[in-house]
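2 protein chains.
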Amino acid sequence: MLIVQKYGGTSVGTLERIEAVAERVIKTKNEGHDLVVVVSAMSGVTNRLVEYGEYFTKDLNTREMDMMLSAGERVTSALLALALNAKGYPAVAFSGRQAGIVTDTMHTKARIIFIDPTNMNKAIKEGKIVVVAGFQGITEEGDITTLGRGGSDLSAVAIAGAINADTCEIYTDVDGVYTTDPRIEPKAKKLDKISYEEMLELASMGAKVLQNRSVELAKKLKVNLVTRSSFNNNQGTLITGEENMEDAVISGIALDRNQARITIRGVDDRPGVAAEIFSSLAQKEINVDMIVQNIGIDGATNLGFTIPQNEMEPALEIMRSVISNPKCVIESDNEVVKVSIVGVGMKSHSGIASLAFRTLAAEGINIQMISTSEIKISMIVAEKYGELAVRALHKAYNLDK
Amino acid sequence: MLIVQKYGGTSVGTLERIEAVAERVIKTKNEGHDLVVVVSAMSGVTNRLVEYGEYFTKDLNTREMDMMLSAGERVTSALLALALNAKGYPAVAFSGRQAGIVTDTMHTKARIIFIDPTNMNKAIKEGKIVVVAGFQGITEEGDITTLGRGGSDLSAVAIAGAINADTCEIYTDVDGVYTTDPRIEPKAKKLDKISYEEMLELASMGAKVLQNRSVELAKKLKVNLVTRSSFNNNQGTLITGEENMEDAVISGIALDRNQARITIRGVDDRPGVAAEIFSSLAQKEINVDMIVQNIGIDGATNLGFTIPQNEMEPALEIMRSVISNPKCVIESDNEVVKVSIVGVGMKSHSGIASLAFRTLAAEGINIQMISTSEIKISMIVAEKYGELAVRALHKAYNLDK
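Keeping their order, the protein sequence lines are chains A and B. Take the first sequence: its letter number 113 is residue 112 in the numbering used here, and every next letter is one higher. Take the second sequence: its letter number 134 is residue 133 in the numbering used here, and every next letter is one higher.
All the given hints hold, so there is nothing to weed out.
Which copy? The list can't say, so a pair holds if one copy fits it or any two copies do.
No farther apart than 30 Å at their CA atoms in a straight line, the calculated lysine-lysine pairs in the DSSO-like style are these: (1) 124 / 57; (2) 124 / 219; (3) 86 / 26; (4) 57 / 86; (5) 218 / 108.
To be clear, the hints were calculated from the coordinates, so they are not data collected in a lab.
Sequences are here, hints too, so could you generate the full structure?
Shown next, in the form of structure tokens:
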């Protein structure tokens, strides 16, 4: 098999850990596989470089910052290749440029345009282990770029696509994707398999194993992603296409604590009102999450939406300036959370939603807002009930079995 | 004018010092000059990276070490460019590759083959200050290389040659080149001007302002070098061609303490003997400095040479195995130093050497070996007389005037 492995900052945080990564890479090589290994900077390095930059300037999204930031991953990739060579396993370290990763010119948050895998394929053919400095690429003009948060994951997925790898393993300090947060529900189970779509929904709701950008790219490139721990030999979770997934109805329960709710009662029920409200929020770059509106009665309706908690005050200010109708009442609540049920199975199964509502009702939990998609049901409830709701739903959908 | 400035590791050792370098660069820019600035890694960084490498391997002269080592200078160049941009002076940081520095493939001690100054010239034309990461280049295959000790000086000189700079200023923590070591003779004077040849002789004898490789390259490329301090505004020393230098007879007195003397009495005075002795030393990579042999008497001669002190024992061992004639006597003395008088003027002036011999004789200092070149007279004396010899010669040649 041709395998891409990606190790994050914690996994390469010390020289001893880099040595442990080398041993893991060698184990995979000895099993007869070819490997491209993508590494992050040693943990703390990138933050220190950012602090260096901040000493001089507030303008941190520049070509020069990228030149500096790219240094951390280069050092790690060179060290891992040195370690592998010293252990008798021929390895070669590639920068983003040498790996053929070409990006646009959006410094510090560049997007990959294409990958020219010539160098990597040549080295693999020669039997070498390829170690790539993650998080970075090069513009067509030859300037160094970095890919923003989660950039090394993105490097790994894009490379896996470019070289047609059989699988792309993302190593972190957690075992994989769980049915829910084990700190809330100790009976939470690690999932062996989950679809890209479910992972996207779970990630956006706080399952922080992988950033959405990487999952989206894996989906687009049809890359089989595996998230697993670099600190043990557990199997991890395979994130892949939907085939053969009919069995699993619900994959997991997610809890998002960073939610605040604003409700506007008595909004004029005519075209353009919602547009006005949400474009003024967008102008101030306030991220709106859930939006719920019912059919109106007597020409007026209630409009509800949620936002991150720290954006409550600016959002309320915008509402007060936008809502001119004196009959409108603006309500807000910072003490809410979002509980979500995620599963590709739900679209072909009836009764999934009603089980959720019945379960919360049985616990005496009032549902303030509901929003559904093809693979997700999200509910806003009072903050104090968040964990209870997660545990009750986890049990109701038999996720602990 | 078009000026290249190079700042060493101490000059960019902290963020505060990088800021001070930025101010100095801006001052030069405001005087109406165009600038390319070459920087080293912040002091300590390269050593730390080498230690990282040593954790994994003894094989430190590799492609991967170079990829790692090059990171330090990249960070400094990015930081200085960030600082300049933040102060309103458009600047662009270039890696060795982006500066067009192409080297051979001898990793960790590569030699510059050529420089393609297109990027630098374009940026200068746009009014930008160019900041180049020193010490590094790229092979024609695209691998990163480093240039070995003193590599950043070499980058600066080579760049000055490639862009036809008017002058190349090397900033360190000393004011320039002195007539002798001021710690030995407090009356030592800073030289305003010195020839490449004299500088080469002085550098090889312990005036550690500049490595010989850089001076040789400056001579070859006809680059006007200036060494000066980044911690004050003193004028520094110009190192340049010989023109208009007839006035100065002697430029300086150098003291080399790392000398040991071996003398072989009664060597067969026939062709091939010296060759055999010195090729066996060369095979063991022992650096021989001075070699003195007189015309023989009665078919036998005395052969003397000096070596670094820590190579005395292996050298003696080689002598014992090479010298088979039982009439030969091998003598050695670790407690000697080399005192040298350097000056392009001496080749057209008689009496220079005799003044030296008379001066030392007047102080009661016995001269054990003498060796002369066109611009240098070197004498081996007992270690205990070294500093006295320097002071006496400094006075005799009027260097304190």
